[in-house]
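Chain V is fixed; fit chain S onto it per the hints.
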Amino acid sequence: QKEVEQDPGPLSVPEGAIVSLNCTYSNSAFQYFMWYRQYSRKGPELLMYTYSSGNKEDGRFTAQVDKSSKYISLFIRDSQPSDSATYLCAMSAESGGGADGLTFGKGTHLIIQP
Amino acid sequence: ETGVTQTPRHLVMGMTNKKSLKCEQHLGHNAMYWYKQSAKKPLELMFVYNFKEQTENNSVPSRFSPECPNSSHLFLHLHTLQPEDSALYLCASSRGQGSGTEAFFGQGTRLTVV
Numbered sequence: 001q002k003e004v005e006q007d008p009g010p011l012s013v014p015e016g017a018i019v020s021l022n023c024t025y026s027n028s029a030f031q032y033f034m035w036y037r038q039y040s041r042k043g044p045e046l047l048m049y050t051y052s053s054g055n056k057e058d059g060r061f062t063a064q065v066d067k068s069s070k071y072i073s074l075f076i077r078d079s080q081p082s083d084s085a086t087y088l089c090a091m092s093a094e095s096g097g098g099a100d101g102l103t104f105g106k107g108t109h110l111i112i113q114p
Numbered sequence: 001e002t003g004v005t006q007t008p009r010h011l012v013m014g015m016t017n018k019k020s021l022k023c024e025q026h027l028g029h030n031a032m033y034w035y036k037q038s039a040k041k042p043l044e045l046m047f048v049y050n051f052k053e054q055t056e057n058n059s060v061p062s063r064f065s066p067e068c069p070n071s072s073h074l075f076l077h078l079h080t081l082q083p084e085d086s087a088l089y090l091c092a093s094s095r096g097q098g099s100g101t102e103a104f105f106g107q108g109t110r111l112t113v114v
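Respectively, the protein sequence lines represent chains V and S. To convert, note that position 92 of the first sequence is 92 in our numbering; the numbers rise steadily by one, no gaps. To convert, note that position 30 of the second sequence is 30 in our numbering; the numbers rise steadily by one, no gaps.
There's no promise every hint is true.
[To be verified] For each label pair, taking beta carbons as the anchor points, the in silico distance ranges come out as:
| hint | chain 1 | residue 1 | chain 2 | residue 2 | range |
| --- | --- | --- | --- | --- | --- |
| 1 | V | Tyr51 | S | Ser38 | 21 to 31 Å |
| 2 | V | Lys67 | S | Gly14 | 46 to 56 Å |
| 3 | S | Gln54 | V | Ser26 | 22 to 32 Å |
[As the list claims (entries may be wrong)] EDC-like, lysine to aspartate or glutamate: derived pairs with alpha carbons at most 16 Å apart:
| hint | chain 1 | residue 1 | chain 2 | residue 2 |
| --- | --- | --- | --- | --- |
| 4 | S | Lys41 | V | Asp66 |
| 5 | S | Lys19 | S | Glu67 |
| 6 | S | Lys41 | V | Asp83 |
| 7 | S | Lys36 | S | Glu56 |
| 8 | S | Lys40 | S | Glu102 |
| 9 | S | Lys40 | V | Asp7 |
| 10 | S | Lys41 | S | Asp85 |
| 11 | S | Lys52 | S | Glu84 |
| 12 | V | Lys106 | V | Glu5 |
| 13 | V | Lys106 | S | Glu44 |
| 14 | V | Lys42 | V | Asp83 |
| 15 | V | Lys56 | V | Asp66 |
| 16 | S | Lys36 | S | Glu84 |
| 17 | S | Lys40 | S | Glu56 |
| 18 | S | Lys40 | V | Asp83 |
| 19 | V | Lys106 | V | Asp7 |
| 20 | S | Lys18 | S | Glu67 |
| 21 | S | Lys36 | V | Asp100 |
| 22 | V | Lys67 | V | Glu3 |
| 23 | S | Lys41 | V | Asp7 |
| 24 | S | Lys41 | S | Glu84 |
| 25 | S | Lys18 | S | Asp85 |
| 26 | V | Lys56 | S | Glu56 |
| 27 | V | Lys106 | V | Glu3 |
[Said to hold, decoys possible] Partial chain S-side listing against chain V, Cβ under 7 Å, derived:
| hint | residue |
| --- | --- |
| 28 | Met13 |
| 29 | Met15 |
| 30 | Pro42 |
| 31 | Val48 |
| 32 | Val60 |
| 33 | Phe64 |
| 34 | Glu102 |
| 35 | Phe105 |
| 36 | Gly106 |
| 37 | Gln107 |
| 38 | Gly108 |
If you're looking for bench data, these hints aren't it; they were derived computationally from the structure. Since this is a predicted model, take the numbers as computed values, not measurements. Where a beta carbon is used, it is the ideal one built from N, C-alpha and C, also for glycine.
One chain only, chain V, in its complex shape (with noise of 0.2 Å):
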C-alpha cells in the first residue's frame, strides 16, 4: 500500500465551479500537512500549510484536515483558469520535512475550462 494516494486525474471544471482535490494516507504519524501547486516546467508552490486535524481558510482555498480518516482536502472556490496546474499533497511526521523529508501524492493535474 502506498503511503499516500492521490488521483492523477486530469480533473477538468468549467470555471467558476468549486473544486475539491483529496489525499488519504496511511502513516498515523503524519502531523504536518501542505497542498502545493505546480505549472509546468516550475518548481512546486506552496499553496496551504496546516498542521494536525482542522480547516484552513486563505481566500479561494480550504484545507482540510481529518487525521481520524487519514484524509485531507483542498477546495477552491469560483475557480479561474490560471488555477490550472498540478496540486501536489505533501505531508511529515516533523515540521519543514525534518530528517525525513515530505511525503508526496503523485498530483492531481487540474483544468479549468474557461
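Just chain S, lined up with the frame of chain V:
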C-alpha cells in the same frame, strides 16, 4: 520567486559526463533537501542536510553525490548517469527540524541523460 534558486535550469549530459547541480537559498534556513521528480511518480526524497550535516540518504545510487558546504548552498554531483536518471531535480529548504515551518522549493533542474 521562493528564495530558492537552482542552476542550471536545463542540463543534457552523456552517460560518461560529470556535472553538478547547484542550489542556493536566501531564506536563512538550516535544512536543505534534494528531491527527484519523474513522470507519473511522486516526488522522491534523495538527500537531507540539517545544519550542513547529512541526515538522510534515501538509498540513492552512488552516482549521485551531494555536497553542502554551508547552510545556504547545496550541490548534487553527477557522474556516469543512466538514461532512467532523466528527471526534474528539485531543491528545497526549511527552517530545520522541529522548527514549525514549511519547505520551499526551487524551480528545479530538468536533467536529460543521453
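Hint by hint, here is what the structure shows:
1. Restraint check, Tyr51/V to Ser38/S: a C-beta distance of roughly 30 Å satisfies the suggested window 21 to 31 Å.
2. Between Lys67/V and Gly14/S the beta carbons are some 48 Å apart, a value that agrees with the proposed interval 46 to 56 Å.
3. Take Gln54/S and Ser26/V: their Cβ atoms lie about 27 Å apart, and the range 22 to 32 Å holds.
4. For the hint pairing Lys41/S with Asp66/V, the CA-to-CA distance comes to about 25 Å; that exceeds 16 Å, so the pair is violated.
5. With a C-alpha separation of about 13 Å, the suggested pair Lys19/S and Glu67/S falls inside the 16 Å cut-off, and the hint holds.
6. Of the supplied pair hints, the one linking Lys41/S and Asp83/V is violated, its CA atoms being roughly 22 Å apart against a limit of 16 Å.
7. Simply put, Lys36/S and Glu56/S have alpha-carbon atoms about 14 Å apart, close enough for the 16 Å limit, and the pair holds.
8. Restraint check for Lys40/S and Glu102/S: not satisfied, since their Cα atoms lie roughly 24 Å apart, outside the 16 Å limit.
9. Restraint check: the Cα-Cα separation between Lys40/S and Asp7/V comes to about 11 Å, which is no more than 16 Å; the hinted pair holds.
10. For the given pair, Lys41/S sits about 13 Å from Asp85/S by alpha-carbon distance, which is consistent with the 16 Å threshold.
11. For the hint linking Lys52/S to Glu84/S, the alpha-carbon distance of about 29 Å lies beyond 16 Å, and the restraint is violated.
12. Pair hint Lys106/V plus Glu5/V holds up; C-alpha atoms about 7 Å apart against a cutoff of 16 Å.
13. At most 16 Å may separate the alpha-carbon atoms for a hinted pair to count; Lys106/V and Glu44/S meet this at roughly 10 Å.
14. For the proposed pair Lys42/V and Asp83/V, the alpha carbon gap of about 14 Å is at most 16 Å, so the pair holds.
15. Taking the CA atoms of Lys56/V and Asp66/V, the gap is near 12 Å; set against the 16 Å cutoff, the hint holds.
16. Among the hinted pairs, Lys36/S with Glu84/S is consistent with the structure: their alpha-carbon atoms are about 12 Å apart, no more than 16 Å.
17. Restraint check for Lys40/S and Glu56/S: the C-alpha separation of about 24 Å exceeds 16 Å, so the hint is violated.
18. Of the supplied pair hints, the one linking Lys40/S and Asp83/V is violated, its CA atoms being roughly 20 Å apart against a limit of 16 Å.
19. In summary, the hint linking Lys106/V to Asp7/V is supported, as the alpha carbons are separated by about 8 Å, within the 16 Å threshold.
20. This hinted pair checks out: Lys18/S and Glu67/S have alpha carbons roughly 15 Å apart, not beyond 16 Å.
21. Distance check on the hinted pair: Lys36/S and Asp100/V sit about 14 Å apart at the alpha-carbon level, within 16 Å; holds.
22. Pair hint Lys67/V plus Glu3/V holds up; C-alpha atoms about 14 Å apart against a cutoff of 16 Å.
23. In summary, the hint linking Lys41/S to Asp7/V is supported, as the alpha carbons are separated by about 12 Å, within the 16 Å threshold.
24. About 13 Å separates the Cα atoms of Lys41/S and Glu84/S, which keeps this hinted pair within 16 Å; it holds.
25. Of the pairs offered as hints, the one joining Lys18/S and Asp85/S holds, with about 14 Å between alpha carbons and a cut-off of 16 Å not exceeded.
26. Annotation: proposed proximity of Lys56/V to Glu56/S is violated, straight-line Cα distance about 31 Å (limit 16 Å).
27. Straight-line distance between C-alpha atoms of Lys106/V and Glu3/V comes to about 11 Å, which keeps the hinted pair within the 16 Å bound.
28. Given the 7 Å rule on beta carbons, the hint for Met13/S is violated: about 19 Å separates it from the nearest Cβ of chain V.
29. The interface hint given for Met15/S is broken, as the beta carbon of that residue sits about 24 Å from the closest beta carbon of chain V, more than 7 Å.
30. At its closest, the beta carbon of Pro42/S sits 4 Å from a beta carbon of chain V; the interface hint therefore holds under the 7 Å criterion.
31. Below 7 Å, beta-carbon pairs count as interface contacts, and Val48/S has one with chain V at about 6 Å; its hint therefore holds.
32. The restraint placing Val60/S at the interface with chain V is violated, with a minimum CB-CB distance near 12 Å, outside the 7 Å limit.
33. Interface restraint check: Phe64/S against chain V, minimum CB-CB distance 15 Å, threshold 7 Å, status violated.
34. The beta carbon of Glu102/S is positioned within 7 Å of a beta carbon in chain V (closest approach about 4 Å), and the interface hint is therefore held.
35. Given hint, Phe105/S at the interface with chain V, holds; its Cβ is 4 Å from that chain's nearest Cβ, closer than 7 Å.
36. Restraint check, Gly106/S versus chain V: the minimum CB separation of about 5 Å is within 7 Å; hint holds.
37. For the restraint placing Gln107/S at the interface with chain V, the shortest Cβ-Cβ distance is roughly 4 Å, inside the 7 Å limit, so the hint holds.
38. Here the hint on Gly108/S is kept, as its CB sits about 5 Å from the closest CB of chain V, short of 7 Å.
Of the hints listed earlier, those the structure fails to meet are numbers 4, 6, 8, 11, 17, 18, 26, 28, 29, 32 and 33, in rising order.
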